[in-house]
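Chains as they are written, first to last, in my numbering: chain D, 202 to 316; chain B, 369 to 480.
Hint data in this document are derived by calculation from the structure and do not stem from the laboratory. Don't be surprised by glycine CBs; every beta carbon is placed ideally from N, CA and C. All the pointers check out, no bait thrown in.
With the Cβ distance kept under 8 Å, some of the chain B side facing chain D (calculated, not the full set): (1) Val-372; (2) Tyr-399; (3) Asn-400; (4) Gln-402; (5) Lys-410; (6) Gly-411; (7) Leu-412; (8) Ser-414; (9) Leu-417; (10) Leu-457; (11) Phe-461; (12) Leu-468; (13) Phe-470; (14) Gly-471; (15) Ser-472.
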Amino acid sequence: DGGITQSPKYLFRKEGQNVTLSCEQNLNHDAMYWYRQDPGQGLRLIYYSQIVNDFQKGDIAEGYSVSREKKESFPLTVTSAQKNPTAFYLCASTPRGDRANEKLFFGSGTQLSVL
Amino acid sequence: KQEVTQIPAALSVPEGENLVLNCSFTDSAIYNLQWFRQDPGKGLTSLLLIQSSQREQTSGRLNASLDKSSGRSTLYIAASQPGDSATYLCAVFGGSARQLTFGSGTQLTVLP
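Construct the complete structure from the given sequences, taking the supplied hints into account.
Quick look at the structure:
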């Protein structure tokens with residue numbers, strides 16, 4: 202089955218710790234995105250990447266970092282600089298990064314909580 | 369800055385009822401509008417995408433309309449079923465920054 206796999210489903214972070222959320226897709230999509238969802242709020246863009254080895258900051262990139270070494274993979278690291286990391290994190294992709302014409306495909310999400 | 373509003377935040381209806389979910393946006397310079405479904409603790413599934421040149425899109429029991437000039441979209445669900453219970457979000461893509469802006473969603477409960 203083609204799709205986007207996010208892992209883990211639940212993640213807990215200790216004070217001062219960096220944690221990495223995994224996102225893998227087998228859709229052969231060029232563009233990948235990370236969104237943050239807080240309760241009762243819309244999704245907000247953290248980072249996006251339209252090609253391998255290139256990525257751009259979204260609206261709320263501070264305290265986060267990403268890499269895109271392979272087309273299939275777009276991991277997100279939540280660093281200790283992110284003071285309020287508790288949220289639901291969603292990875293998404295589009296075939297060519299043409300959001301004016303393409304639907305977004307989402308993974309099932311990772312719930313990050315602070316211990 | 370684009371703002372997307374969905375009212376009401378929650379809606380409860382009996383099974384079989386036809387219903388309308390609303391989405392409004394402040395900047396009419398959009399390329400498209402998408403409606404998504406989100407089940408609890410899950411990712412989003414794209415239901416319908418309406419290009420700015422279109423007035424509506426249909427998929428099964430779902431019909432989405434777009435009125436760019438008034439900054440409004442509606443999602444019509446016919447003959448609602450308990451399986452339709454979920455949160456429905458709309459998102460618009462556009463503006464000079466070419467951004468995708470999401471609404472906060474309407475949580476729908478269809479009672480058996």
